[in-house]
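Student: Single-letter residue listing:
Number of protein chains: 2
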Amino acid sequence: MLRTGNLDPGSSTPLYRQLYLQIKGLIESGDLGNNTRLPATRELAGQLGLNRTTVSAAYELLESEGLITGQVGRGSFVTAASFRTATPPAASTPDWRNILPDGEAPAPASRSQVEISFSASRPSELLFPLEDFRITCGEVISSPEAKTILQLGSPLGYAPLRRYLRDQSQMEGVVNESDDILITSGCQQAFDLLQRTLASQGGTVVLEDPIYPGLKNVFQRPGARVIGIPIGGNGIEVQALEGVLARERPRLLVLTPNFQNPTGATMPLSARKAVLELAQRSGVILIENDIYGPLRYVGESIPTIKSLDASGRTVLLRSFSKLAFPGLRVGWIIAPRILVEKLTAAKQLSDLHTDQLSQAVLLRFAESGRLEDHRKQMLNAGLERLRAALAACEKHLPPGAQFTQPRGGMNLWIRLPGGLDASELLGRAEREGVSYVPGKYFAVSEAQPSALRISFAGLEPEQIRTGIRILGAIFEQELERTRTDSALDVPAMV
Amino acid sequence: MLRTGNLDPGSSTPLYRQLYLQIKGLIESGDLGNNTRLPATRELAGQLGLNRTTVSAAYELLESEGLITGQVGRGSFVTAASFRTATPPAASTPDWRNILPDGEAPAPASRSQVEISFSASRPSELLFPLEDFRITCGEVISSPEAKTILQLGSPLGYAPLRRYLRDQSQMEGVVNESDDILITSGCQQAFDLLQRTLASQGGTVVLEDPIYPGLKNVFQRPGARVIGIPIGGNGIEVQALEGVLARERPRLLVLTPNFQNPTGATMPLSARKAVLELAQRSGVILIENDIYGPLRYVGESIPTIKSLDASGRTVLLRSFSKLAFPGLRVGWIIAPRILVEKLTAAKQLSDLHTDQLSQAVLLRFAESGRLEDHRKQMLNAGLERLRAALAACEKHLPPGAQFTQPRGGMNLWIRLPGGLDASELLGRAEREGVSYVPGKYFAVSEAQPSALRISFAGLEPEQIRTGIRILGAIFEQELERTRTDSALDVPAMV
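These protein sequences, in sequence, are chains A and B.
For the first sequence, position 23 (counting from the first letter as 1) is numbered 1503 according to the numbering used here, and the numbering increases by one without interruption.
For the second sequence, position 167 (counting from the first letter as 1) is numbered 1647 according to the numbering used here, and the numbering increases by one without interruption.
Be aware that a few hints might be false.
No copy is singled out in the list; a pair is fine if it fits within one copy or between any two copies.
[Said to hold, decoys possible] Calculated pairs, SDA-like style, for lysine to any residue (alpha carbon to alpha carbon, straight line, at most 20 Å): (1) K1504 - W1576; (2) K1856 - G1510; (3) K1627 - S1604; (4) K1753 - T1573; (5) K1753 - Q1719; (6) K1753 - E1780; (7) K1875 - I1954; (8) K1627 - D1612; (9) K1504 - K1875; (10) K1627 - I1615; (11) K1627 - Q1719; (12) K1920 - R1705.
Derived by calculation from the structure, the hints in this document are not laboratory data.
Quick caveat, the model's predicted, so the values are computed rather than measured.
Isolated chain A (complex conformation) (with noise of 0.2 Å):
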């Protein structure tokens, strides 16, 4: 048996982390010989009450390190001989733990026992068109353009793309005279760029409350202030967000209308509405994420508030990379040409221009209408897929369970009954194969203890099928356990 000490939870160190420096020690002081086969993850999980993810992430970072190598069908063994021989650290090493600043745990990364994985808001690869896209790369490489493209470009983006974006824009009326077009690196990166250039100096962010992580951690920065406010069904809670914006003032609101990540949640027309009064009255500026507005599988499209909004306080986000290749990352701000401008000095900054290959793939991939083609197909993959999850969770979850009913996207929103915690159930949930994203990964106000995230849009039905199956049965397993531990909890009869 392994003979390490104690873990700290409560740490700014992750648990895995602890455990990697214990059996490194270990390994150093020779306490573990060399050849010792270390216990299965599993085995070493149970005993430490540890994740097994925990566990494996730790030997991964041993393995990476030549510590310990993992044999197929054997397990783990202690390889300390190439750890010995490596230069020793001069005396004058810079201490890192000291400099770095600490950062938060990322979310929970899918590992690689679990077979369905409800954890990736991404479409699925087996429904990407290969074909279409090898014949749209040989065009593009063969065409006279090729050597612009492989040069050193603008920051503002391939200026092809940028007119083909205009245009588009200007037929589905959402860009006017006195707006721009400036291409990101996907839309992570017009979240940064935004968040340097309308709040670094500080002020207040207002986001929807649960929201994707990712654009949370860009706004919840040193100088900043982060308001969550909760959405609903129909998105953001209108009434709320008035009072929230009569009270602090804040600077920035981030929305995102449809098929919002995590919840799924649409806004009708009546709620953009009211909130772009809200704003033009607070005088705040208002940021749309748009990148699933594409990925409508019932019902008609609502226009963006952009579209809406004479005042120019709209900026519009928009993206290639959940409709077609999120390995190709290119996406888009559509906002007034002044502050266009300050984005793209910043844009400069940060990674002086997006890869011009993928734009004038994705460029070339539009224009040939075959991306109108590829999304018709997105979308009866996306119905079919929204329609196994729905029925599963309404077969499956245990009566109390609550989950969102989206409409187009890629994500649904389940909060569990009678107590239970998905972030305590995601370990015995990823030992049976299945895993998902618990709900205090997207909280900003409010705890979500009791919700998760299914991404459904990356899977098989059948997959989905089985991954609701199994997960129901946990919550069940879990609530009966927890029924029968309060009824043993009731104070005898005396």
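With chain A held as given, fit chain B onto it using these hints.
Tutor: This is chain B only, laid out in the frame that chain A set:
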């Protein structure tokens, strides 16, 4: 004649924008009616004492808003109709000018009338190995990995590329057991991530002076203090550095030991060792920017500081984009694992991950040996261009002019004699079809009015000779004029 008011060169609003606003006002007020012909850019520049590029930029902005239209061979005409039918801004339009932070004017971009541009430190697209690139792309997109490449990736970078770079770096001795590799969206992003992770909470950053503005501007952000140390023919002045390290206890020291931008200077081995020892003594973290390292045309390569450093305080930055295709944005950071972990968290917030199509294409390009073949072509071409530039400087620059003697890279640095101001002379050079970047854009602590950067790598040898001949003649004439003026300035003999 166009009746514009006075323009204020001291304003934070750039001149082109002031001019644009004035002309826009004249159009909106009706003073300039529809179909009125605007003066030619050269003519208006002469009238107002502006650079022609300034006028062109103002016209471009007017054209992009549909206020004027250029007709080939005829000039620019007011087409205000489209403006007047646009939606008038509502009363609550945000006051963007007050909301947005002031920014620095960007370095001048080369205008289209310039035929020989020494302004961009980038390779010539005539040297791009297009056929090899096409073959490489074809191999990547028809490989079984295509699906993985197009799917969402890891913030650390495309795993096969990271493995390849680690193997290469190990052979070269620039990575050790406790290091890791993070792929960045070009080297500019590496600077940005390092600034966010190591210098955003204050502290002093020491840079070479002069330095590439994209690097200086990243570190010159609110909260950080930047100190420039003069750079000579052998790189940063070690004695001056020693004083600053002792006195200021800076957090970061950023060096480009090979073919520095803009000076082309290279640090000899002795200087690298001396700087490393000073860094160890003072505790500063050393960032070694080596993007020009593979482009040595003359002499033997010198070990990187990273390979000399056993203390783990050196962070090495590299990139494909100077060597191969600048439009593909892929660079990497080699640093202690604990720092890479923090940089990866910052990277994830910045843009999730680097574009995977370009990562995979560049990996295949390198693995297949095509990158090394291409590098050999680049070395031949670079040597020819460097020799052409140095010979032309020798022949055409006026007596008293100084210029550096780079042995690789893309840039050399000229200092003009007799109090000539390179910034003032740029307008005249551009009128004669030649551009460069004046020294002031590279200045950190010391003004560089007499200096200019010549980027020679993107031009043909004949263009280099012609361009430097034209510049030499302009500088010579200006020297002659100032000599005559000062001769006239001599007090009368009495």
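Student: For each hint, tell me whether it holds in the structure or not.
Tutor: Hint by hint, here is what the structure shows:
In this homomeric assembly, K1504 and W1576 come within 20 Å of each other (Cα to Cα) only inside a single copy, at 18 Å, whereas the closest approach across copies is 55 Å. For the homomeric pair K1856 and G1510, neither the shortest alpha-carbon distance inside one copy (61 Å) nor that between copies (49 Å) is at most 20 Å. Only between protomers do K1627 and S1604 lie at most 20 Å apart by alpha-carbon distance; the minimum there is 10 Å, versus 33 Å within a single protomer. Proximity of K1753 and T1573 under a CA criterion of 20 Å is satisfied inter-copy only: 16 Å between copies versus 58 Å inside one chain copy.
In this assembly of identical chains, K1753 and Q1719 lie within 20 Å of each other by CA distance solely inside one copy; the values are 13 Å within and 65 Å between copies. For the homomeric pair K1753 and E1780, the shortest alpha-carbon distance inside one copy (17 Å) is at most 20 Å, but the shortest distance between copies (68 Å) is not. In this homomeric assembly, K1875 and I1954 come within 20 Å of each other (Cα to Cα) only inside a single copy, at 14 Å, whereas the closest approach across copies is 83 Å. Taking identical chains as interchangeable, the C-alpha atoms of K1627 and D1612 lie at most 20 Å apart only when they sit on different chains, with a minimum of 13 Å there against 23 Å within one chain.
With identical chains, the CA atoms of K1504 and K1875 are never at most 20 Å apart, being 47 Å at best within one copy and 64 Å at best between copies. Proximity of K1627 to I1615 under the C-alpha cut-off of 20 Å is found in both arrangements, the shortest distances being 19 Å within a copy and 15 Å between copies. For the homomeric pair K1627 and Q1719, neither the shortest alpha-carbon distance inside one copy (54 Å) nor that between copies (45 Å) is at most 20 Å. Only within a single protomer do K1920 and R1705 lie at most 20 Å apart by alpha-carbon distance; the minimum there is 19 Å, versus 38 Å between protomers.
In this structure, the earlier hints numbered 2, 9, 11 are contradicted, and the remaining ones agree with it.
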